[in-house]
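There are 2 protein chains.
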Amino acid sequence: MLIGKLLYTRYPCAKILNINTINALEIPGVIAVLTHKDVPGENSYKYWYDDHPLFVSDTVVYQGDIIAAVAAETEEAAIAAINAIEVDYTPCDGIFDVHDAMKPNARRVWPDRDNVHSHLVIERGDLKKGFADADVVVDHTYQTHLVEHAFMETEGAVAYTEDDKSMVVYTSSQTPHRDRKQIARALNLPENMVRVITPFIGGAFGGKDEAHVQIHAALLAQATNRPVSLIRSREESFLTHVKRHPVTIHYQTGATKDGKLTAIHVVSIGDTGPYVGAGEEVMGAIASVSFGVYKVPDARLEAYTVLTNNPICGAFRGFGVPQITFAIERQMDHLANKLNMDPVELRLKNCLKTGDRLPTGIVIREAGGIKASIEEAAKTFGWNRRKEESEPTRPSQYRGWGVACTLHPVGLGHNVEDHAGAAIDMAPDGSITLRTGAADMGQGVHTILAQIAAETLGIKVESVKVFKPDTSVTPDAGPSVATRQSYISGNAVINAAQPIRKSLLLVASEETGLKPETLSLRGGYLHAEDEQLNYTVSALASKAHQRNLPMHGDGYYAMRFPGEFPVDGYPYANHVFCYGTQMAKVLVDLETCEVTIEDFVAVHDVGKAINPQSVRGQIMGGITQGIGYSLMEELIVENGQTQNLSLDSYLIPTSKDVPRIRTKLVEIYEPDGPYGAKGIGEPPINPTAPAIANAVSDALGIPIDELPITPEKLFELIKHT
Amino acid sequence: MLIGKLLYTRYPCAKILNINTINALEIPGVIAVLTHKDVPGENSYKYWYDDHPLFVSDTVVYQGDIIAAVAAETEEAAIAAINAIEVDYTPCDGIFDVHDAMKPNARRVWPDRDNVHSHLVIERGDLKKGFADADVVVDHTYQTHLVEHAFMETEGAVAYTEDDKSMVVYTSSQTPHRDRKQIARALNLPENMVRVITPFIGGAFGGKDEAHVQIHAALLAQATNRPVSLIRSREESFLTHVKRHPVTIHYQTGATKDGKLTAIHVVSIGDTGPYVGAGEEVMGAIASVSFGVYKVPDARLEAYTVLTNNPICGAFRGFGVPQITFAIERQMDHLANKLNMDPVELRLKNCLKTGDRLPTGIVIREAGGIKASIEEAAKTFGWNRRKEESEPTRPSQYRGWGVACTLHPVGLGHNVEDHAGAAIDMAPDGSITLRTGAADMGQGVHTILAQIAAETLGIKVESVKVFKPDTSVTPDAGPSVATRQSYISGNAVINAAQPIRKSLLLVASEETGLKPETLSLRGGYLHAEDEQLNYTVSALASKAHQRNLPMHGDGYYAMRFPGEFPVDGYPYANHVFCYGTQMAKVLVDLETCEVTIEDFVAVHDVGKAINPQSVRGQIMGGITQGIGYSLMEELIVENGQTQNLSLDSYLIPTSKDVPRIRTKLVEIYEPDGPYGAKGIGEPPINPTAPAIANAVSDALGIPIDELPITPEKLFELIKHT
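As you go down the protein sequences, you meet chains A and B in turn. One point on numbering: in this note's numbering, the residue at position 530 of the first sequence is 530, and numbering is uninterrupted. One point on numbering: in this note's numbering, the residue at position 410 of the second sequence is 410, and numbering is uninterrupted.
Just so you know, the hints here were simulated from the structure itself, not pulled from any lab data. The reader is advised that the hints may include incorrect statements.
All copies of an identical chain are treated as equivalent in the list; a pair is satisfied when it fits inside any one copy or across any two copies.
Claimed, not checked - Straight-line alpha carbon distances no greater than 30 Å define the calculated DSS-like cross-link-like pairs of lysine-lysine that follow:
#1 K165 / K468
#2 K165 / K543
#3 K46 / K460
#4 K502 / K664
#5 K543 / K468
#6 K468 / K295
#7 K664 / K353
#8 K502 / K468
None of the values given here were measured: they were computed from a predicted structure.
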């Protein structure tokens with residue numbers, strides 16, 4: 001196996017005059033050096049948008065642009081080859097400020113394209129009337145920052161050619177089937193001759209949604225006809241992959257004096273870097289939930305996707321919703337302040353109810369989880385008794401309490417491919433193999449799907465073997481993103497189990513003389529009504545095989561969309577939403593400007609929780625990542641170059657940074673979900689930052705409208721107040 | 001990876017007093033020595049019949065019985081360990097003659113079981129009346145011999161434990177899913193935790209239908225927790241696996257003087273060795289086709305399965321039909337001689353017609369291929385002009401012409417699990433992955449299935465990737481035996497393609513505005529009636545994926561059985577039959593007693609030939625194996641011990657032994673077959689031996705009723721005439 005390495009430019013903006021690989025090729029042990037000239041197919045990632053080349057040729061637009069790929073017998077030789085490639089650059093002045101970039105005469109990232117890549121406007125009702133109806137108007141600007149996924153396992157792939165000439169790529173990826181398409185396109189192979197296998201993944205959080213090194217690894221394996229391992233160092237990982245968009249949000253809210261919202265006007269500006277990638281989609285997601293969990297009759301929701309020479313941005317747990325939730329929930333606290341209302345009371349007064357129409361035009365099918373989660377959180381947290389708490393021990397310490405809510409869609413939305421397959425085979429002894437194309441990056445979807453299969457077939461979960469994604473043999477389940485897999489693959493698994501269940505019950509009916517509709521399978525046994533009969537599923541399976549009954553099921557599920565869909569409105573819309581409320585108690589010490597979280601409550605409506613322990617794990621993980629987002633994580637970028645490219649200088653929470661977290665579930669059965677489930681992957685990160693910011697604001701009596709709330713920033717804020 | 005070896009007893013009959021493995025375990029590099037005590041699950045192959053242990057404990061009944069299994073770091077250490085195992089035997093007198101074994105007071109193979117394991121009788125009509133109606137009765141006894149499959153690749157397996165604790169077994173096997181069940185049972189694992197993978201196989205011919213070393217390899221891998229490779233030497237292969245049954249056939253035929261058959265009484269006696277295995281099934285198959293291609297109003301067909309201490313017998317291309325065909329077709333020539341009729345004329349006069357009832361009670365749906373193949377063979381061979389041939393050049397040389405016909409069932413028959421699954425995924429670029437559980441041992445079934453998939457989906461065969469059998473991911477297609485896979489898996493593939501075809505035509509209909517039923521897919525393009533439209537299947541596939549239409553198909557097919565099935569009759573019956581006629585011209589030299597085949601014509605009704613080249617390959621291969629069976633191959637067994645355990649002393653045909661073979665096809669469309677196909681795996685071997693024997697008999701004017709026709713045997717025959 002050869003070791004692969006990539007040459008990243010590190011220039012944020014430059015022209016390339018020449019690339020000379022001759023010296024690199026002469027290093028002993030170096031087998032191949034590839035540049036843009038060596039791509040047999042299309043030299044493009046072509047993800048949502050087709051502007052990102054696999055290898056740049058004459059123009060460099062961000063620090064992570066890839067110039068060349070090397071394969072060598074040893075890592076040393078590969079590194080030496082990377083260092084020996086001579087690239088003749090003429091550096092250019094880039095554009096690094098998103099607001100500057102939007103100006104009419106700004107320097108352009110691309111000569112033939114406007115820096116403002118897109119401007120989405122979602123409008124509903126009469127904004128002027130809405131604001132005219134308002135007794136008070138609050139108007140604030142919020143700023144979120146650039147952060148890194150910091151998954152434990154960096155991006156990597158091992159590629160080799162199989163006996164039948166298929167290109168096999170093992171990779172740490174959220175999207176095996178999309179990877180297959182992209183690899184096939186670059187290698188100029190038919191898709192069935194590319195086999196992408198995704199074993200368990202050491203974290204992803206959206207950062208492995210887009211292809212990273214798997215296409216380059218495959219190109220090197222194809223060029224050398226040898227297996228190639230290509231794994232990014234932590235520094236390379238920080239340098240290149242998409243980050244969470246920094247977003248500037250102007251938020252204007254009108255309300256009556258008793259606290260009823262009348263209008264909102266929200267303008268979000270996202271810096272997506274030089275390649276669009278999923279940027280326009282992220283900004284679209286931001287616009288489409290800019291109202292939060294609140295009913296607003298008149299609304300204008302705008303989102304700008306802007307190009308710069310900064311690091312590229314894309315999917316990251318929440319897909320824009322954490323950014324906009326920070327603004328929405330800070331804005332509600334500003335309004336509560338202005339009205340002198342309790343923040344929880346204001347939220348309860350305005351929260352969406354089942355059947356309400358959203359500003360995007362769709363009617364929300366079920367919204368009971370919003371009010372329920374606010375009430376349950378307040379009760380668990382002791383919101384109404386919070387002021388009874390004893391004073392902090394030191395005079396420099398201030399205590400504060402904050403609340404924040406979230407609404408999060410399940411699935412990709414309308415007009416986008418959103419479907420999943422799953423397949424089940426039951427062996428003659430009643431054990432099953434469940435094949436899924438859904439990548440498990442630690443969120444536990446394979447366990448959930450095993451539980452759903454076991455429940456549907458009335459067997460024990462121990463009798464389920466889950467076969468991990470392998471595009472040659474597992475059905476396409478789409479990407480593991482958008483809080484969608486438990487819901488959509490779960491439904492596919494239920495469908496896959498049906499033919500087998502039918503065969504088992506047919507045999508059972510023949511054996512017992514009872515009608516199939518009176519029979520059921522539970523815990524490995526046949527049941528007639530509630531009575532357990534002396535027939536095991538295993539025995540029925542054996543008989544069904546002997547009787548030539550189908551014991552295989554292929555399940556498919558395509559996401560449903562709102563029945564009353566606004567055809568002339570916003571192009572994306574969802575059928576299912578998750579809700580949640582989080583509350584934080586913080587202690588701020590003005591001597592150190594440190595924020596300590598003393599208590600944290602999270603209440604989420606996940607539909608029916610298939611696996612409460614894993615739901616709790618997802619909530620804890622999301623909050624932990626949210627704490628990092630709120631209090632410590634930030635990529636420092638100067639003129640397009642990231643200054644902190646390591647986990648020494650980019651701090652993420654350790655176990656010592658995580659407070660006591662109390663989680664509760666509001667389980668409102670979702671009729672279209674598998675056994676009533678919705679999802680939980682993304683929602684928990686959304687309200688964490690605003691809950692903490694609201695608590696800090698409450699503690700100090702000053703607005704906290706910018707993230708992260710580091711001691712340095714807090715010190716500056718206090719100094720100016 | 002460790003090297004596995006098995007200790008075979010080589011005693012045909014003995015008691016074991018003690019097995020001492022201590023010395024073996026002390027040899028450096030030896031990791032494990034397993035005996036009957038070390039099987040966590042059931043110590044049995046449990047195939048058709050449960051009498052064959054994986055490891056014998058106290059009784060040895062044939063030379064190939066397995067005493068112990070060894071795993072060691074090197075082959076040398078493994079061999080040393082095998083040699084160091086001390087087994088304390090008391091040899092017994094075995095029973096080696098099948099006719100002696102049937103006698104009432106014969107020595108028994110098993111103390112508590114009769115040596116006559118089974119006696120099947122199929123009776124129809126009035127046998128007494130049938131013979132009374134006869135003008136002539138011929139009565140002869142035929143003897144076939146013990147032969148070896150001699151596949152190029154000997155039996156082997158590599159076993160190891162996967163990440164998820166599944167036992168993975170790569171093996172040269174015809175039956176991946178049955179292997180899985182047997183391995184799971186022996187290892188005491190659920191079936192879904194065993195994964196059997198069968199890559200392309202270097203020949204099998206029925207000899208890899210029953211499990212060979214795969215269970216032992218898995219036991220060693222489980223015991224050592226290391227990968228284990230266990231491959232039989234050629235000598236071990238000859239020593240142990242099932243052979244073709246030697247069968248003694250008493251055949252009595254009555255006919256009118258104008259050559260119409262009135263009655264037959266056939267008694268076949270098969271020596272199956274000490275374990276029944278598939279023996280009773282082989283003898284059942286013999287009984288069920290003992291009438292050949294001929295209509296007989298009154299018949300009694302008997303078959304005895306007899307136990308001895310000889311080598312074990314089981315499946316071998318033809319599954320008994322070659323043996324009985326030798327008898328049937330020699331008998332027809334005896335009758336033709338007696339009636340002084342042309343052998344072809346006699347056959348045409350008696351051959352079955354569509355709608356005739358067979359002695360087994362079933363009505364034959366289609367029999368047109370019999371007459372057609374006889375007529376086509378006679379025409380191609382020049383049967384009627386054969387006597388016009390010039391005399392042989394030397395006075396010691398005699399020329400003869402022979403004909404023989406065959407009828408061969410497709411599939412396993414009623415009351416037996418006989419079904420297949422197949423699965424197809426179409427990628428967004430229109431290329432497909434076809435997953436099949438059907439093992440390809442050189443017969444080319446994967447090519448056939450790829451063609452069927454391509455035809456059904458209107459794509460090129462190059463766009464099909466066939467994924468080879470792997471029980472965790474490919475549907476159960478049952479064993480690759482009984483001339484069944486093209487037919488049954490072919491039908492499963494057609495079914496698997498339907499949902500995809502439907503999705504493609506739905507998109508096509510939306511795109512063109514034409515009705516789906518007017519559209520078709522051919523050669524990679526959409527067609528409206530006969531006009532090729534400017535839409536590729538690839539483009540339609542991409543659109544179908546985007547529109548969330550299912551692009552996966554799971555196909556299933558269970559074998560059909562005759563509509564009018566004789567419930568009280570023979571327990572097996574088939575829905576589809578293949579037919580064929582072969583003709584041989586031979587030159588016998590009395591100086592050397594050598595038989596030279598001068599010309600050979602084979603005409604087979606295979607239904608529609610999906611791949612004429614591979615059909616021709618199967619016919620040529622079957623005839624070549626049939627020539628070996630006729631003229632040279634024979635296992636010499638003395639007191640249960642095979643004397644010729646190598647390809648030096650057991651001769652199989654080389655390219656120099658194969659004459660000019662002219663093949664022709666009679667393609668009678670089979671309405672239930674995939675695109676009209678039936679099958680061709682087994683039929684070509686059935687009539688070869690009788691065609692050659694009839695020709696030799698014709699040349700010399702003496703009966704040739706025993707196989708093989710070696711120079712030594714011929715010399716003895718001539719001496720006594």
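Results for each hint:
1. K165 / K468: both (22 Å within a copy, 14 Å between copies)
2. K165 / K543: between (40 Å within a copy, 27 Å between copies)
3. K46 / K460: between (43 Å within a copy, 27 Å between copies)
4. K502 / K664: Neither: 37 Å inside a chain and 46 Å across chains, both beyond 30 Å.
5. K543 / K468: both (29 Å within a copy, 27 Å between copies)
6. K468 / K295: neither (42 Å within a copy, 56 Å between copies)
7. K664 / K353: within (21 Å within a copy, 77 Å between copies)
8. K502 / K468: Classified as both: same-chain Cα gap 26 Å, cross-chain 28 Å, threshold 30 Å.
Comparing the model with each earlier hint shows violations of hints 4, 6; every other hint is respected.
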